[in-house]
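Participant: Starting from the given sequences, assemble the full structure and let the hints guide the process.
Protein chains in written order, with this note's numbering: chain A, 1 to 582; chain B, 1 to 268; chain C, 1 to 354.
In short, the hints are calculated from the structure, not lab data. You may find that some hints are simply not true.
[What the hints assert, rightly or not] These stretches of chain C come out as covered by chain A in the derived footprint (C-beta under 8 Å, 3 or more residues): (1) 11 to 19; (2) 143 to 153; (3) 224 to 232.
Yeah, the Cβ is synthetic: ideal placement off N, Cα and C, and Gly gets one too.
Here's the letter readout for the chains.
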Amino acid sequence: MIQNQLTEPTSRIMLKFGLIGSIVAVYVSAIGMVEVFSERALIGDSFSLGYVILAAGPLGAGIFTARVLRDRLSRRKAAGASIGAGAASSSLLLVLLAVIVLGVIRPEQAGAEVTLRVMFVNLTPGLAELLTFGLGNALGALILILFCTLIGAAGGGAVLIRDPLRSGLVVGVMLTLLIGVFSETVTQVLQQISGRVIINIVFVQKSLRPIPAILVFALGFSLAYFRVPRRTRTRFRQLPDNRQQRTKRGLFIAGLVLLLMLPWLTGLFLSQALFLIGLYILMGLGLNIVVGYAGLLDLGYVAFFAFGAYAMGILTTTTELGITNLTFWTALPICVAAGVLWGLLLGFPVLRLRGDYLAIVTLGFGEIVRILATSDWLAPIEGGPQGILKIPNPVIFGFTLNTPQTMYYLVLLGAVAAGFVTLRLRDARLGRQWMSMREDEDVSEAMGINLVSTKLLAFAIGAGFSALAGAILAARQSTIFPHSFNLIISINILAGIIVGGLGSIPGVIVGMLILVGLPELLREFTEYRFLMYGILLIVVMLVKPEGFLPEATRKRELHSDEPGMTPADAAPMEPAGAGGQD
Amino acid sequence: MAPLLNAINVTKSFGGLDAVKDFDFKIDEGAIDSIIGPNGAGKTTFFNCVTGFYVPTAGEIHFDGHVIQGMSTDRITRFGISRTYQNIRLFSQMTAIENILVGEQPRLKTLWIEALIRNRRYKEEEEWALNEAQRILEFVGLKGLGDQVAHNLPYGAQRRLELARALAADPKLLLLDEPTAGMNPNESADMMNFIRRLRDEVGITILLIEHDMKVVMGISEQISVMDFGLKIAEGTPAEIQGNTEVIEAYLGKGAAAGLKLAKGGSSK
Amino acid sequence: MLRRYFERFSWVDFILRLFQIFIIIAMLVGLINTISAGRYTSAQWATLVFAGLAQGSIYALIALGYTLVYGILRLINFAHGEIYMFGALTTVFLANAQARSGFLDEHPWLSILSWFLLAGTVSTVVAVLLERIAYRPLRGAPRLVPLITAIGASFALQYTARGLYGAEFRRYPEVAALSGSVSILGFDVPVVQVVVIVAAVILMIGLNGFVERTKIGTSMRAVSEDKEVARLMGINVDKVIVTTFAIGGLLAGAAGVFNGLFRPAGVFFFMGFFPGLKAFTAAVLGGIGSVPGAAIGGLLLGIIESVFPNLILEGLGIPSANQLRDAFAFTMLVLILIFRPQGIFGEKLAEKKA
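Facilitator: Spelled out as structure tokens, the structure:
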């Protein structure tokens, strides 16, 4: 989008971004987000998320206009342009409003049974009401234009106002919005810590009370305005080295303690989310070895997850499907071994394939496993569509681990083990083999690397971790159904490790927090979860394809056309001191 | 004594095109030989057949008592053949030392499980591997550049790194595909000396593909000439220089006669 | 001598060969069992075959979109199933409105034409937008990145459709003019199926002619062979790529209408996912990158999917073989990619070069 700006006239840029903002706003309205989100108040009982979403279009228009014009024009003119872009972004909204009035409201009032709403289900009178701010068509339309213009101005301001005022305002607003949106999460945490007292002061149901909102804004504002993070960092760097080390170590230990205490800090609901995130991190680490290190694009990873879960089910269930009476702990290594075995079996035929073909074949495998698991044919062994019930929870030293909090630790242990294995192997010969294989398979083979065993190892190790996760899930849920082992899970994990940063362990963690954690925390937005998920994937790939926390190598690979440094001239062929020719 | 490498009647066809046809080739242990010929003659294709990148359509290749044609590349490398490439094919995102470490692959014996538990055997081997890689790095004159990412190195250094990587496997036979491409005369002279040292000090048998005639004539003991997939001549540098067919292959028909005239009727 | 043999032995090849033999034997056993048991009459087989052909035509049209885009960009357009879905889902409203008002009964062919126009336009627009917004900026990126983008686009499109049109199933109206059956080779075949098959084949032949004989088609083939050289030859590569996406979209839109005509199972926002996967299977079966390959692959897959579960799986004693229909398609995909990745018409990928 930011190209050719040297020759484009200002008005054209303004209109272009205004139009795009307009399209976004119409889109968001037409798919129903505005109306659904308007139920959710963020601050008090009037400032709703619906309007925030509606504002996204005009805001973007203002921001991008200001961005592009910032270097070309004076601040005032650029601000003017962003205001203009904001106004322009109301254009299609007005059209939409007219369409609703003419195509939905009028016909309905006239008693017609068929309105445009039959096709576009979210063009409702309610939406029209929202768009006109409840003020009737004419006045409402004017206010709408004003709204868009103001938001456009805000967008321009977010770019053009001078620091530190700018960062203060932006951070303040964002912090307030974040707390408003994540109010449920915040409430849960506060509840664990201090009961309902603080909650009732700060929130009313799910939205922030006005005064606490202002306080939060002030907090965010001051943190940014007074440059607190940067000053702290500078002050820290000025400390003597050993002080720094000790502080770092202290922080690390505090982080560990926090990690261990997390389930107790967050309550039941969030612990369930934590459990899920942990499970995905475990699987993500496994897939990271397959995709990130060995470069094998596996889209059927869920198959091993299923194998582990079903193995645990079949081995331990108390229904007649169970073939033995093992406990969780004795069955666990068998489940992992089963996963590894299946990893070898499924990996074997696909060794020779490259790139996309490998992806599709593994996808096929995953789907075949799912369909077979759901079929009647294999039902006698594994329960068919009904799945396996009554899988016992793990018991350790007499304690039954049957709450999300307790199972969290199991998952944590698994994830740590996966991380350990990942690190150890990455820095070892095997890791180098994987890396070279990923870069140039043919030449790696010419180095004496046995591609078959190297690839199989990656596949099998990854499968083992996935099976471990499956076994843990089975024991936690006590029932497993084949429908839950579907392609979406494979895609989730893959997207998670890519968005987080392929090949890096912190990247996997961040990726899962975003792609698994956010949807869990924002459960009320269930309707639009997948839409936002899809858009997030696209945006991240367009803007930051190496992910949020990439591994150093990966960043090199993806930006390899940028100039590098030139080292000092290399020494001649003769060893130092030998001198002379022949 | 049996030759170290013995290619018998090797043919490699792609569809209707014979890139290599009925090619016989021998090289004795401890020799430095070359294969030359105009572009497209089939030289690199032959290398690919020897190293296992291609499966010959016909013929056999024997190396050190093994029959290797059609084998997988990694097996062949483990028998003791290493190579460098016409277009540099380093692992460009890995550091120089890592490239060499990968090259040491055939010599490293510990298992991945040992890497997991970091037992003593593993740690010793890793240390040895690192030291050895440093040694090789210095041997090719790249001391101190070990932590540079390969694609940041200047061209000449990259070529040497590729050599280092090939040497890391401790090969018996080293195939060099145009090792002096893009080098100036000084660098080429350095390379010539280096190749000689490889044979004299380390005992590696060396087979070159080269276009730089000074290098070829300077260090080769036997030269084979290819054109259109066939061997058109074979002999010592002196014999090749005077060979009419060789001259014509490079310079076109009638060129040999022209040369003779230009040299006043005598061919060296 | 023996030692030399073992030196050259490859476990991978050996086991794969065993596996291949096992599969072939299993298929033969199933086949023989079913035929000798004579559980189905030839009329029933014919029903399955023609239904398979009709479904296969739909797969083929979608597969063509996949194969064209893959040929040019080496990209699996994961979201192509959604392009198909959008056209089909948007047009169902038009169809139902026409049915309600009686227009459909009075002018059936005009109606159907309007469906093609609408579905084709919508699908084309979606395809072109997709290319412009999501794929073009990522032209040079490593394979993984556009793949994830495509997956994201797939989700985004699905749930956009859901947001716009709601989550319910909707059915295309029955077209009276296409009801009833004709007699082909002595078997009763529904008119709808015949129309679908014939129309689809005409489209495919038209496309093939387009790609082989027109200037744009030749440009497309040039770009798919070597983008850089094509650019040097003066071909506007961007335009060619957009055209490719547009054609793929057009065909997918047509497929959507055919789907509506032939199998009035409901259309809804998720309907593109599995047909998309299967169409990709078909493209691979025929040889990805090859136009006749995608067409033949699609038809073949339709028949295989329709007939083989009963033909082979039942013979092997597997109960409720119909449930495994989808699994069969995927199994075919897997087997082809393992044993013959170039499909039927594809070029064998060049051996490793050095």
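Participant: All the hints need checking, so say for each whether the structure fits it.
Facilitator: Hint check:
Counting residues of the segment 11 to 19 of chain C whose beta-carbon sits less than 8 Å from any beta-carbon of chain A gives 5, enough to reach three: the coverage restraint holds. With a threshold of 8 Å between beta carbons, the proposed coverage of the segment 143 to 153 of chain C by chain A holds, since 10 of its residues qualify and at least three are required. A count of 0 residues in the segment 224 to 232 of chain C with a Cβ less than 8 Å from any Cβ of chain A is obtained; the coverage claim is therefore unmet, three being the minimum.
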